[in-house]
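Sequence lines, in order, name chains A and B.
Okay, so the first sequence: first residue is 155 according to this note's numbering, each after it adds one.
Okay, so the second sequence: first residue is 155 according to this note's numbering, each after it adds one.
Quick caveat, the hints were computed from the structure, so don't treat them as lab data.
Among these hints, one or two may not hold up.
One copy or two, it doesn't matter: identical chains are merged, so the pair holds either way.
The calculated EDC-like cross-link candidates involving lysine to aspartate or glutamate, where the alpha carbons are at most 20 angstroms apart (straight line), are [what the hints assert, rightly or not]: (1) Lys341 - Asp414; (2) Lys498 - Glu208; (3) Lys341 - Asp435; (4) Lys498 - Asp326; (5) Lys505 - Asp458; (6) Lys341 - Glu322; (7) Lys498 - Asp440; (8) Lys341 - Glu237; (9) Lys474 - Glu512; (10) Lys474 - Asp491; (11) Lys505 - Glu450; (12) Lys341 - Glu234; (13) Lys498 - Asp435; (14) Lys474 - Glu402; (15) Lys341 - Glu315; (16) Lys498 - Asp483; (17) Lys505 - Asp465; (18) Lys474 - Asp267; (19) Lys341 - Glu411; (20) Lys474 - Asp506; (21) Lys505 - Asp267; (22) Lys505 - Asp440; (23) Lys474 - Asp518.
These numbers were taken from a predicted model, which means no experiment stands behind them.
There are 2 protein chains.
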Amino acid sequence: MDHGIGTHLPRAGGICVIMAGGRGTRFWPLSRTRLPKQLLPLVGGRSLLRETYERVAPLAGPGRILVITGADLAEAVRAELPELPADHVVGEPIGRNTAPCAVLGAGLAARLDPDAPFALLPADHLIPDAEAFRTQLAVAFARAAAVATVVTLGIVPDRPETGYGYLETGADAATDGFRRGLAFVEKPDLATAAGYVAGGRHFWNGGIFVWNPSCFAAAAAAHLPRVAALLAPAVAAHGTDGFAAALESGYRDCPAESIDYAVMERLDGFEVLPAAFRWSDLGSWDAWGDLAAPLEGGNRGEADLVAIDADGNVVRAAGKLVALVGVRDLVVVDTPDALLVCRKADAQRIKDIIARLEGAGRRDLL
Amino acid sequence: MDHGIGTHLPRAGGICVIMAGGRGTRFWPLSRTRLPKQLLPLVGGRSLLRETYERVAPLAGPGRILVITGADLAEAVRAELPELPADHVVGEPIGRNTAPCAVLGAGLAARLDPDAPFALLPADHLIPDAEAFRTQLAVAFARAAAVATVVTLGIVPDRPETGYGYLETGADAATDGFRRGLAFVEKPDLATAAGYVAGGRHFWNGGIFVWNPSCFAAAAAAHLPRVAALLAPAVAAHGTDGFAAALESGYRDCPAESIDYAVMERLDGFEVLPAAFRWSDLGSWDAWGDLAAPLEGGNRGEADLVAIDADGNVVRAAGKLVALVGVRDLVVVDTPDALLVCRKADAQRIKDIIARLEGAGRRDLL
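Whenever a hint applies, use it, and build me the whole structure from the sequences.
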């Protein structure tokens with residue numbers, strides 16, 4: 155694999171729209187409804203949102219970064235990113251999946267600069283190699299500016315992961331590092347995923363898209379005409395007193411649709427720039443542990459730990475000692491009002507806890 | 155087994171000396187130097203010391219109960235047992251094992267009533283059947299009053315426990331429910347312990363002794379003359395301003411000796427009354443869990459618990475939810491400044507944590 159893919163190409167800036175609306179339950183009990191994953195201090199005391207912002211800021215500049223989040227999180231996002239103009243953080247009044255968010259982001263980007271390419275970026279992924287990411291994002295911006303297309307940065311798979319969607323690309327050679335995208339593929343079974351990894355034509359869909367603005371407008375007009383029409387008044391009112399009401403009104407009638415289903419899977423074509431940077435969606439405490447600091451005895455995390463014949467554990471606790479004796483491959487996360495002790499292999503079952511708490515009306519713990 | 159052993163015999167009252175000096179680390183992190191096992195709310199929110207006191211109070215009366223503890227715990231013991239006259243709680247200025255404590259207790263008991271039998275009782279054992287215990291204690295008091303002897307309430311073993319000392323009794327039939335004690339036996343190996351259980355002549359030494367006062371005085375004079383002489387001034391000064399200084403002076407020169415080694419194992423004879431009550435020394439979190447309330451999913455303890463595919467765990471936490479996923483046979487104990495997650499089978503290794511904390515000078519956690 156060429157880790158310098160695209161690095162010799164022309165570069166350009168563009169507008170960055172950070173989609174920070176995720177709820178997520180996989181980091182419970184640290185994550186809560188009012189403190190979702192992207193706002194947690196998961197990376198050396200800093201949030202993934204802050205990391206995402208700082209990763210793109212040198213390329214975009216604060217005046218050309220927008221963040222779209224839930225209305226109830228907007229103040230927390232503004233506090234996390236005080237450099238941003240307040241109206242560059244937009245709170246969706248109702249969650250309507252990703253299509254309205256993308257349409258709104260594209261519209262607001264066009265208000266800033268109708269000719270600039272723009273990127274739609276998840277707020278809650280980990281990309282430690284910021285410089286490598288920026289280099290490729292700049293290449294993708296240049297490509298999207300030059301050609302009426304959408305470029306997605308495809309993550310090179312290092313394992314037959316069955317939890318992600320894949321981007322299928324053509325068998326023909328890459329042009330200037332870009333591969334011809336053929337299809338968005340749903341989460342595969344293990345055998346299929348293994349074939350993808352071996353074949354070299356499939357990439358993980360990390361949700362990083364760089365659009366030519368007229369290309370997006372055409373796609374939205376073709377595949378999301380109602381959403382586009384409903385949100386047009388809000389886009390037009392951005393920066394005025396009428397924005398909130400227009401947004402509320404537009405979202406109220408929007409259908410909940412995924413941008414992947416509604417638009418991406420129906421595109422005539424797209425381009426894939428294979429990522430030359432490390433990437434993790436930090437989808438679980440286990441994944442967080444893989445990247446967290448080593449603790450004594452072969453454990454990882456952030457904690458004041460004493461380990462007696464205990465290894466392979468992921469531990470997160472603040473303000474107290476954690477003593478582990480004789481246990482392995484556990485996730486231990488302590489917070490002031492909830493403690494999780496979970497087998498690593500069962501990390502995805504945290505959602506069962508959430509379901510139980512919801513069923514019991516224990517909103518204080520959600 | 156006759157659960158009514160001795161219940162038809164004459165009964166009498168006596169003086170109760172509760173030995174509450176234990177330090178213990180096996181209930182860390184709930185237990186601390188300043189809050190040892192006997193003061194912890196381990197039994198339905200009440201302490202074992204309080205339980206011990208209430209178990210004997212109807213028989214002895216508060217004026218004939220003495221508690222001997224460490225000087226640094228005396229105030230906490232007085233707060234736990236406000237019914238006791240303040241000078242009935244005596245704080246040992248230095249820990250010198252159990253022999254000085256027993257000699258002091260016997261001396262103070264004799265000051266209260268030189269002719270009354272007295273019991274030496276551990277403060278940190280669990281005996282749920284208080285009435286059955288009192289009945290047998292009254293029978294033992296009557297026996298010790300009638301015969302110049304020491305009676306020990308032997309715990310009928312229900313398993314080949316290798317962690318306790320045993321009382322060996324003669325093969326001859328019991329007289330009035332009392333068996334002739336032959337020897338104090340050290341902790342046996344498993345095969346030996348299994349033989350003890352099968353043979354029916356061995357009982358666990360639960361440390362519950364009822365003495366005829368002149369018999370104790372003779373034993374102390376024979377086997378602990380120096381300790382008896384050193385502590386005589388303090389005994390004589392009890393209730394006066396000179397008590398603390400006399401106690402300090404006496405203890406300073408006392409050797410550290412165990413009453414079991416120094417006296418009990420050298421006795422010419424003793425009597426064993428097989429206990430007709432349930433007993434546990436609550437020697438670990440695991441043992442506590444066996445007796446604690448059932449929690450959901452086959453777990454036990456005191457906690458607000460959500461268990462997802464988790465059973466056999468012992469959990470203790472206050473003021474927070476504990477969520478267990480996919481784990482079994484763990485001990486999970488949360489406190490404000492320390493959290494323990496330990497395999498049940500490793501419960502005895504908690505002492506290794508203590509050693510580590512001591513080595514690191516973390517006194518705040520001890």
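Here is what the structure says about each hint:
In this homomeric assembly, lysine 341 and aspartate 414 come within 20 angstroms of each other (Cα to Cα) only inside a single copy, at 13 angstroms, whereas the closest approach across copies is 70 angstroms. In this homomeric assembly, lysine 498 and glutamate 208 never come within 20 angstroms of each other (Cα to Cα): the closest approach is 31 angstroms inside a single copy and 46 angstroms across copies. In the homo-oligomer, the alpha carbons of lysine 341 and aspartate 435 lie at most 20 angstroms apart inside one protomer (15 angstroms), although the nearest pairing across protomers, at 56 angstroms, exceeds that limit. Proximity of lysine 498 to aspartate 326 under the C-alpha cut-off of 20 angstroms is found in neither arrangement, the shortest distances being 41 angstroms within a copy and 59 angstroms between copies.
Taking the shortest Cα distances, lysine 505 and aspartate 458 sit within 20 angstroms of each other only across copies (18 angstroms), while inside one copy they are farther apart (27 angstroms). Within a single copy, lysine 341 and glutamate 322 get their C-alpha atoms as close as 12 angstroms, which meets the 20 angstroms cut-off; across copies the closest is 70 angstroms, which misses it. For the identical chains of this complex, lysine 498 and aspartate 440 are intra-copy neighbours only, at 6 angstroms inside a copy versus 24 angstroms across copies, given an alpha-carbon limit of 20 angstroms. In the homo-oligomer, the alpha carbons of lysine 341 and glutamate 237 never lie at most 20 angstroms apart, since the shortest distance is 38 angstroms inside one protomer and 70 angstroms across protomers.
Taking the closest pair of Cα atoms, lysine 474 and glutamate 512 come within 20 angstroms of each other only across two copies (16 angstroms); inside a single copy the shortest separation is 28 angstroms, beyond that limit. For the identical chains of this complex, lysine 474 and aspartate 491 are neighbours both inside a copy (14 angstroms) and across copies (4 angstroms), given an alpha-carbon limit of 20 angstroms. In the homo-oligomer, the alpha carbons of lysine 505 and glutamate 450 lie at most 20 angstroms apart only across protomers (18 angstroms), although the nearest pairing inside one protomer, at 29 angstroms, exceeds that limit. In this assembly of identical chains, lysine 341 and glutamate 234 lie within 20 angstroms of each other by CA distance neither inside one copy nor across copies; the values are 33 angstroms within and 62 angstroms between.
For a Cα distance limit of 20 angstroms, the shortest separation of lysine 498 from aspartate 435 inside one copy, 17 angstroms, qualifies, whereas the shortest one across copies, 35 angstroms, does not. Proximity of lysine 474 and glutamate 402 under a CA criterion of 20 angstroms is satisfied in neither setting, with 44 angstroms inside one chain copy and 38 angstroms between copies. Proximity of lysine 341 to glutamate 315 under the C-alpha cut-off of 20 angstroms is restricted to the intra-copy arrangement: shortest distance 8 angstroms within a copy versus 55 angstroms between copies. In the homo-oligomer, the alpha carbons of lysine 498 and aspartate 483 lie at most 20 angstroms apart both inside one protomer (6 angstroms) and across protomers (16 angstroms), since each shortest distance falls under that limit.
When the C-alpha separation of lysine 505 and aspartate 465 is checked against a cutoff of 20 angstroms, the pair qualifies only between copies, where the shortest distance is 19 angstroms, while the shortest distance within a copy is 25 angstroms. For the identical chains of this complex, lysine 474 and aspartate 267 are neighbours neither inside a copy (50 angstroms) nor across copies (50 angstroms), given an alpha-carbon limit of 20 angstroms. For the identical chains of this complex, lysine 341 and glutamate 411 are intra-copy neighbours only, at 18 angstroms inside a copy versus 71 angstroms across copies, given an alpha-carbon limit of 20 angstroms. Taking the closest pair of Cα atoms, lysine 474 and aspartate 506 come within 20 angstroms of each other only across two copies (18 angstroms); inside a single copy the shortest separation is 27 angstroms, beyond that limit.
When the C-alpha separation of lysine 505 and aspartate 267 is checked against a cutoff of 20 angstroms, the pair qualifies neither within a copy, at 41 angstroms, nor between copies, at 67 angstroms. Taking identical chains as interchangeable, the C-alpha atoms of lysine 505 and aspartate 440 lie at most 20 angstroms apart only when both belong to the same chain, with a minimum of 15 angstroms there against 29 angstroms between chains. For a Cα distance limit of 20 angstroms, the shortest separation of lysine 474 from aspartate 518 across copies, 11 angstroms, qualifies, whereas the shortest one inside one copy, 22 angstroms, does not.
Hints 2, 4, 8, 12, 14, 18 and 21 from the earlier list are contradicted by this structure; the remaining hints agree with it.
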